[in-house]
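Novice: Hints given; two lone chains; assemble the complex.
Protein sequence lines, in the order shown, are assigned to chains A and B.
The numbering of the first sequence is this note's numbering, which starts it at 961 and goes up by one.
The numbering of the second sequence is this note's numbering, which starts it at 21 and goes up by one.
Hints listed in this document are in silico derivations from the structure and should not be mistaken for laboratory results.
Check the hints yourself; a few may be wrong.
Distance windows between CB atoms, simulated [said to hold, decoys possible]:
hint, chain 1, residue 1, chain 2, residue 2, range
1, A, K1015, B, G132, 37 to 43 angstroms
2, B, S182, A, Q980, 37 to 43 angstroms
3, A, P1018, B, S153, 19 to 25 angstroms
4, A, Y977, B, K154, 15 to 21 angstroms
5, B, H157, A, K1015, 25 to 31 angstroms
6, B, K126, A, Q1004, 36 to 42 angstroms
7, A, P1018, B, K126, 23 to 29 angstroms
8, B, K164, A, T976, 41 to 47 angstroms
9, B, A168, A, Q1004, 22 to 28 angstroms
10, B, D183, A, P1018, 44 to 50 angstroms
11, A, P1013, B, G132, 36 to 42 angstroms
12, A, P1018, B, T136, 40 to 46 angstroms
Everything numeric in this text was worked out from a predicted model, so none of it was measured.
The C-beta atom is built at its ideal place from N, Cα and C for all residues, glycine as well.
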Amino acid sequence: MADDNTPAADNPYTQTYVVQSGDTLSKIAQKYYGDPSLYNKIFQANRDILKDPNKIFPGQKLKIP
Amino acid sequence: MKKQFVWLLAAMMAMLVVGCANQKGPAEQAIASAETALAQVRDVAQKYVPDQLQAVDAQIASAKDAFAKGDYKGVLAAAPAITAAIGSLKDAAQAKDADAQAALSKAKDDWGSVSTDVPKMVDAIQSRVDILSKSHHLPANVSKDALAGAKSGLDSLKSMWSDASSAASSGDYTGAMSKAQAVKDKAADIMKSLGMTS
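One chain only, chain B, in its complex shape (with noise of 0.2 angstroms):
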């Protein structure tokens, strides 16, 4: 009786064994799976949505913990979770990218009308303050500080112009175009100060 038991004990000892072995090879496959799927996505995912990835991670590494303590049924359980996750995040970072690289063209289409469009304004203002500055009198809208602002304005402009121009010339449209505006928006106090635009 008691040589029964230990033989019935021993096979199911033996089943148990073989029964998690048999998960072991799929447990690994879906780790390796899994990692294989969010290395296709890694790079855009680092960029756009860091934090969703990083919980992916936590999530991947918990499924690795698991497998090294032999809990195969625990990451096969894991796996569907897991697989769900990086789809979310492959669409996540995807739809950002893809609303990142639209705003960059039209940065880059509105930069082909500034790009010639700041430069004569700034020649305008430069020509203006290079006659004033030959004048005996101002006008009458026209104070001393106002053209000494001016002088010193261009100046500016044409730093912030640079600085602009860099930025697009390294492929930054958007900086570029948000520098710009901010060129144009001085501009336009000078050209006012100077009363260049009635």
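If we strip away everything but chain A, and leave its shape as in the complex, we get (with noise of 0.2 angstroms):
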């Protein structure tokens, strides 16, 4: 059904999470994978919206695979 990365981009049922002050990719991927250096599993399912990873900023809506 799916492959091991990111689910489809306009599935429904992948997470989200909206970007706070002080926020990383890297810190993100430590709250929800408990590993920081996944950060770029986050930042490939956003490529829609991040063009560095980072760069990203209070009130964006990040897809979380």
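Specialist: Listed below in structure tokens is the structure:
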């Protein structure tokens, strides 16, 4: 049914997270995966709104695969 | 005198025989009509109201028994009740058939959305399990047991979904929806265990 990376972009069951002040993708990966090094999974899932994994802004709604 | 009595008795017997013979035809026709009417609804009655069908069959069998014994009057007396019973049987069977068709139609409609929904749930779970499997440490809200349970749960989900899809393919949308709901419920539990629902 799925590949082992990101689900389909329009999957309504993919968890989402609204970026807060001070957040980084690494911190978000720590929160959801227990491992900050997996931040790239979140970046890849949000290439439609993120150009640089180091540049995220409060209010952005990120897909958390 | 005796000769007159004998003639009178013979005449009465003849009238009796003729009278009975006159009822034989209508009695035979009554049974034939009942059997024809019943044949038209037998299949749907057998499916939805088998006990009621059995009762009507018993009524007709009784009438045929009476006919075999020459009780044509008895057959004709029973005919209206048999006709009414067949009418009730037809109404009951057709009502249940209509309900079943409506339920099937709804299930078919519901399957349309669930058939795209459920695979997406499974995809989302698969993705999270795959990522967590690569993690050096699990997040605070996900235990090792939860992850292990999610992995084995995914296999169950896929198997259950396969069964649901097979049921739908064979036209059993009611069965398919029942199975699909079980998949959704299990998937929701797994998502909760992985912290995917906050």
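Novice: All hints, please: hold or fail.
Specialist: Here is what the structure says about each hint:
no.: 1; hint: A:K1015 with B:G132: 37 to 43 angstroms; in the structure: holds (41 angstroms)
no.: 2; hint: B:S182 with A:Q980: 37 to 43 angstroms; in the structure: holds (41 angstroms)
no.: 3; hint: A:P1018 with B:S153: 19 to 25 angstroms; in the structure: violated (31 angstroms)
no.: 4; hint: A:Y977 with B:K154: 15 to 21 angstroms; in the structure: holds (19 angstroms)
no.: 5; hint: B:H157 with A:K1015: 25 to 31 angstroms; in the structure: holds (26 angstroms)
no.: 6; hint: B:K126 with A:Q1004: 36 to 42 angstroms; in the structure: holds (40 angstroms)
no.: 7; hint: A:P1018 with B:K126: 23 to 29 angstroms; in the structure: violated (45 angstroms)
no.: 8; hint: B:K164 with A:T976: 41 to 47 angstroms; in the structure: violated (26 angstroms)
no.: 9; hint: B:A168 with A:Q1004: 22 to 28 angstroms; in the structure: holds (26 angstroms)
no.: 10; hint: B:D183 with A:P1018: 44 to 50 angstroms; in the structure: holds (46 angstroms)
no.: 11; hint: A:P1013 with B:G132: 36 to 42 angstroms; in the structure: holds (39 angstroms)
no.: 12; hint: A:P1018 with B:T136: 40 to 46 angstroms; in the structure: violated (33 angstroms)
In the structure shown, a violation is registered for the earlier hints numbered 3, 7, 8 and 12, in ascending order.
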